[in-house]
Structures are given as C-alpha cells and as structure tokens.
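Fit chain B to the supplied structure of chain A, relying on the hints for placement.
If you're matching them up, the sequences are chains A and B in order.
The opening residue of the first sequence carries number 607 in the numbering used here; numbering runs sequentially from there.
The opening residue of the second sequence carries number 23 in the numbering used here; numbering runs sequentially from there.
Rather than coming from a laboratory, the hints here were simulated on the basis of the structure.
Owing to the predicted nature of the structure, the values given are computational and were not obtained by experimental measurement.
Using 25 Å as the maximum straight-line C-alpha spacing, the simulated PhoX-like pairs for lysine-lysine come out as follows: (1) Lys28(B) - Lys656(A); (2) Lys160(B) - Lys144(B); (3) Lys112(B) - Lys173(B); (4) Lys28(B) - Lys626(A); (5) Lys103(B) - Lys28(B); (6) Lys74(B) - Lys656(A); (7) Lys28(B) - Lys664(A); (8) Lys687(A) - Lys28(B); (9) Lys173(B) - Lys103(B); (10) Lys626(A) - Lys664(A); (11) Lys626(A) - Lys656(A); (12) Lys160(B) - Lys173(B); (13) Lys103(B) - Lys693(A); (14) Lys103(B) - Lys37(B); (15) Lys664(A) - Lys687(A); (16) Lys626(A) - Lys173(B); (17) Lys144(B) - Lys74(B); (18) Lys37(B) - Lys173(B); (19) Lys112(B) - Lys37(B); (20) Lys693(A) - Lys28(B); (21) Lys626(A) - Lys103(B); (22) Lys626(A) - Lys37(B); (23) Lys664(A) - Lys693(A); (24) Lys693(A) - Lys626(A).
If you only want the chain A side, here are some residues facing chain B, beta carbon under 7 Å, derived: (25) Thr639; (26) Glu640; (27) Thr677; (28) Met694.
Beta carbons are placed, not taken as given, at the ideal position from N, Cα and C, and that holds for glycine.
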Amino acid sequence: MIYSDSMNIPNRSRQQHMLKEISMVDFAIVELTEYLDTHPDDEDAVSYIKQYMTILRKLKEEYASLYGPLTLYDSTFSTNKNWGWAKMPLPWEGGMC
Amino acid sequence: MWNYEKRLQFPIDIKTPNAEIAKIIITQYGGPDGELSASMRYLSQRYTIPYKEVAGLLTDIGTEELAHFEMIGAIVYQLTKNLSMEEIEKQGFSPYYVDHTLALWPQAAGGIPFNACEFQSKGDIITDLTEDLAAEQKARTTYDNILRLVKDPDVCAPIRFLRAREIVHFQRFGEALRRVQENLDPVNFYQYNPEFDTNPNR
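Okay, chain A solo, but in the shape it has when bound (with noise of 0.2 Å):
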C-alpha cells in the first residue's frame, strides 16, 4: 500500500517534508565534502559533516522503513516484505524532491 500511486494526500504531503528533509541535510553534506576537498584541516567542517550525517542516517532509516528505500543500501530499514526497491517512485515524475 505504501508504494501505491493513490496514497492519500496528507500521507504524500509528509512523504514530501520527509524527503524535503533529506535533501537538505544532504546537500549540507555534498556542500561540505567539496569544501573539505580544499580544506581538509578545517576541524569546525569536519564536526559539521559528521553530525549531519548522523542526522541523514536517521532520516533515511526513518523515511526507508515508511515509504520504502532511497538507495538499494536503504532496502534493509524497509519494513514492507516485499522488494520495495523496484517499486520507488521516479525522481524525474515531479512532486517529490
């Protein structure tokens, strides 16, 4: 039921905060990485970095054992028996980040 195309609305609507979330923290994560690309002493970064992957972690278990996998490495926080990745939403089909 999770994967289905008529999830109800306020369900979808919190899939989408969700995964607004992820976003986020990850992009702080893909911005921090090239910055310590050049600066890999900046320790301030490196605490930065560390604690918002901690919190993509999270997020990510929370969001795979919800709504099912981001990455096929998430498939094991599913909580739905059947292979979950397969039936994922397409990025490109608007709506979701």
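For chain B alone, coordinates are given in the frame of chain A:
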C-alpha cells in the same frame, strides 16, 4: 563506482508544460556549457592528476554534475510531458519531435548534438583547472541568460539553485589551483608538467 539515489538533488515540480522554454533549457543537458560536458570533463581529467585532494575534488564535483544533469533532464521532461500535437506545432517543437518524439537527447538549444569537443582533458593540471574555472563561469552565464528568458517560478527555482552551484564550484577550483601552485616552483609554475614530467624515464 557510483550509488544511485531515487530522488533529485533539488525538487522539480513544473505544473505548466512549455515547449518553448524546454527548447532553451535543453542546452544545459547537452550543450557546450551544459551539465553533461561538466561531468565528463571533471571525471575524465582526474585520472592523471598527481594530487590526491584535487583528483578527489574533481570526482566529487563531477558526481554532483551528474545530479544536475538529471535535474535538467527532469525540467525538460516535465516541460514537454503531455503536450498536445497542436502545442508541439505552435510552440516550435516539431523539429525536435520528429527526431526524438518526447524523449530526452543531449543537444544544444540550436540543435547541435552533444560532442566531446565541448570540453578538454589536457593532461596538464594548470591548464585543466583553468578550463574548469572557465567552464563554471560559462555555465553561470548560461543560467543568467535562461533566467532572463524564463518567468515560470517552478522553473526558475531549480535554475537559480544550479546557478549558485556554478559559483561555489568556481570557488573550489580556484582553491585547488592555488594548492597546486603552492607545490610548484614559485618562480616558474610551468617549469615542468606534474602530470607528465615526474616519470624518471622521460
């Protein structure tokens, strides 16, 4: 190797299809200063670079450019989804439609196909990083030009995000070039090519 994530780097949800705009934005899919060129440029240059942190930066930015390539694909796809035959004809999309229907194909706004000659991988780190700095600026100008032509806020938001990334990457490449030059002879940066002349057999 790479790991695919089933989400876009920045949300794209375009409510109004517009083939006129799609024809312009496709230039960042397969045009001279587009995201495909950017990604292939950085991911090709990195192998022969003798500085680990610079090769790492090219890998990380080249990877982010793949996510941008996907974002541009999503924008063009959503702008052309569900077009009627009448809209295809009226909005000047017929020449593209006849070759590709509504599928994505890397080309410039003027219809010129994607071509590896749009970027260089020269095997000289100063040359390549200077090209990379220019590439980020050329892409930034293209996004500025797109923002002058496009009014739909659903399209402008992701384009503004991409424009901002060009500026950040320009900054990072500038820092990388400075780090490289710190390792070279300050009297003559060009005394030898660190990607070639360090092999004792030459």
